[in-house]
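Given chain A, put chain B in place with the hints provided.
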Amino acid sequence: MSTSIDKDILSGIEAHLESAYPNEACGFLLGTQVQKKRDITHLIKVDNQSSENQRRRFVIDPLDYLKAERFATKEGLTLLGIYHSHPDHPAIPSVHDLEFAQPFFSYFIHTISEGKMTDTRSYRLLDGKFIEEKFTSNQYPLPSHNSQLTPHD
Amino acid sequence: MITIFIPTPLRRFAAEQAKVSVNAKNVAEAIKSLTSIHPSLTPYIYDEGELIRKHVRIYLGEDDIREKEGINTLLKEGDELSIIPAIAGGTH
Numbered sequence: 113m114s115t116s117i118d119k120d121i122l123s124g125i126e127a128h129l130e131s132a133y134p135n136e137a138c139g140f141l142l143g144t145q146v147q148k149k150r151d152i153t154h155l156i157k158v159d160n161q162s163s164e165n166q167r168r169r170f171v172i173d174p175l176d177y178l179k180a181e182r183f184a185t186k187e188g189l190t191l192l193g194i195y196h197s198h199p200d201h202p203a204i205p206s207v208h209d210l211e212f213a214q215p216f217f218s219y220f221i222h223t224i225s226e227g228k229m230t231d232t233r234s235y236r237l238l239d240g241k242f243i244e245e246k247f248t249s250n251q252y253p254l255p256s257h258n259s260q261l262t263p264h265d
Numbered sequence: 007m008i009t010i011f012i013p014t015p016l017r018r019f020a021a022e023q024a025k026v027s028v029n030a031k032n033v034a035e036a037i038k039s040l041t042s043i044h045p046s047l048t049p050y051i052y053d054e055g056e057l058i059r060k061h062v063r064i065y066l067g068e069d070d071i072r073e074k075e076g077i078n079t080l081l082k083e084g085d086e087l088s089i090i091p092a093i094a095g096g097t098h
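If you read the protein sequences in the order shown, they are chains A and B. For my numbering, count along the first sequence from 1 and bump the result up by 112. For my numbering, count along the second sequence from 1 and bump the result up by 6.
Just so you know, the hints here were simulated from the structure itself, not pulled from any lab data. Every residue gets a Cβ at the ideal spot worked out from N, C-alpha and C, and that includes glycine. Please note that a few of the clues may not be correct.
With a cut-off of at most 20 angstroms between alpha-carbon atoms, the simulated PhoX-like pairs for lysine-lysine come out as follows [to be verified]:
no. : chain 1 : residue 1 : chain 2 : residue 2
1   : B       : Lys25     : A       : Lys186
2   : B       : Lys25     : B       : Lys38
3   : B       : Lys38     : B       : Lys60
4   : A       : Lys246    : A       : Lys148
5   : B       : Lys82     : B       : Lys31
6   : A       : Lys179    : B       : Lys25
Here chain A is said to cover these stretches of chain B; the calculated rule only asks that three of the stretch's residues, wherever they fall, bring their Cβ under 8 angstroms from a Cβ of chain A [unchecked claim]:
no. : segment
7   : 65 to 75
8   : 81 to 95
Computed Cβ-Cβ distance ranges for the label pairs, DEER-style [stated by the list, open to error]:
no. : chain 1 : residue 1 : chain 2 : residue 2 : range
9   : A       : Glu226    : B       : Asn29     : 51 to 59 angstroms
10  : A       : Gly188    : B       : Arg18     : 16 to 24 angstroms
11  : A       : Glu226    : B       : Pro45     : 45 to 53 angstroms
12  : A       : Glu164    : B       : Ile43     : 31 to 39 angstroms
13  : A       : Asp120    : B       : Gly55     : 43 to 51 angstroms
Just chain A, same shape as in the assembly (with noise of 0.2 angstroms):
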């Protein structure tokens, strides 16, 4: 399995990320999958709906989702993934992200470290827990210190 991110979406979670700070926020990510060749080139920005402190939580209305994977459709586009912040701490998922978490999905999180993203790395579900996978971008320089970055020519 490959997965590629376009620069333009990395660059649009940075500023949306960027500006809900210092809560959490999120949306997703959609793109194309042949084979194992996944590349997300479409993102959705939603709003937090939770009802906790956003801060540390968030949560997507059930019809967002919905709409997200009716756009997938209509654009002739596979929802591939989630993205979401973790302000001021690591991008690693926690128990709550795993609780949350479904298959096949890319989970990318994101540090924002006083109201800069600093960190970006990706997840997915197997036998039900999240491992970390590679993910490649044609930006360049990338808005992480993840050295499993590689980006492309």
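Using the frame of chain A, we list chain B on its own:
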């Protein structure tokens, strides 16, 4: 027929289909029919007590069935149900 929308993460358990048609009088029958056709979906929809899982939402059109009659919500020809995974998380 009732159409049931399958969310992307669960399509691998439904022969990669986005929609499945079933005959059913209410939501409970529709979901049972769905899992009879695609048994691999069962653990993603029902919990050990054979209740709809806590983190699965079922919508009739734009309405959460929990705000109607739950799984006893009556269906009519042409209705569309959607299975929606709850999407949430956060830091510690």
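Query raised in the report: Counting residues of the segment 81 to 95 of chain B with a beta carbon closer than 8 angstroms to any beta carbon of chain A, are there 3 or more?
Result: Holds: 7 residues of the segment 81 to 95 of chain B have a Cβ under 8 angstroms from chain A.
**Report entry** Given pair status - Lys148 (chain A), Lys246 (chain A), alpha carbons within 20 angstroms
**Finding:** holds, 13 angstroms
Query raised in the report: Between Lys25 (chain B) and Lys38 (chain B), is the straight-line Cα distance small enough, at 20 angstroms or below?
Result: Since the Cα atoms of Lys25 (chain B) and Lys38 (chain B) sit roughly 15 angstroms apart, the hinted pair holds (cutoff 20 angstroms).
Report task. Measure nothing beyond the straight line between the CA atoms of Lys38 (chain B) and Lys60 (chain B); if it is 20 angstroms or shorter, mark the hint as holding. Result -> holds, 17 angstroms
Query raised in the report: Is Lys82 (chain B) within 20 angstroms of Lys31 (chain B), Cα to Cα?
Result: It holds: about 7 angstroms lies between the C-alpha atoms, which stays within 20 angstroms.
Query raised in the report: Can the suggested window of 45 to 53 angstroms be confirmed for the beta-carbon pair Glu226 (chain A) and Pro45 (chain B)?
Result: The hinted range 45 to 53 angstroms holds for Glu226 (chain A) and Pro45 (chain B), with Cβ atoms some 50 angstroms apart.
Query raised in the report: Mind checking, does the segment 65 to 75 of chain B have 3 or more residues with a CB under 8 angstroms from chain A?
Result: holds (count 3)
Requested in this report: Assess, step by step, whether the Cα of Lys179 (chain A) is no farther than 20 angstroms from the Cα of Lys25 (chain B), and give holds or violated.
Outcome: holds, 16 angstroms
Query raised in the report: Is the Cα-Cα distance between Lys25 (chain B) and Lys186 (chain A) 20 angstroms or less?
Result: Roughly 14 angstroms separates the two Cα atoms, so the pair holds.
Query raised in the report: If you check the beta carbons of Glu164 (chain A) and Ile43 (chain B), does the distance land in 31 to 39 angstroms?
Result: holds, 38 angstroms
Query raised in the report: In this structure, is the beta-carbon distance linking Gly188 (chain A) and Arg18 (chain B) contained in 16 to 24 angstroms?
Result: Roughly 19 angstroms apart at Cβ, these two residues keep to the hinted range, so it holds.
**Report entry** Supplied distance hint 51 to 59 angstroms, evaluated on CB atoms of Glu226 (chain A) and Asn29 (chain B)
**Finding:** holds, 57 angstroms
The structure agrees with every numbered hint stated previously.
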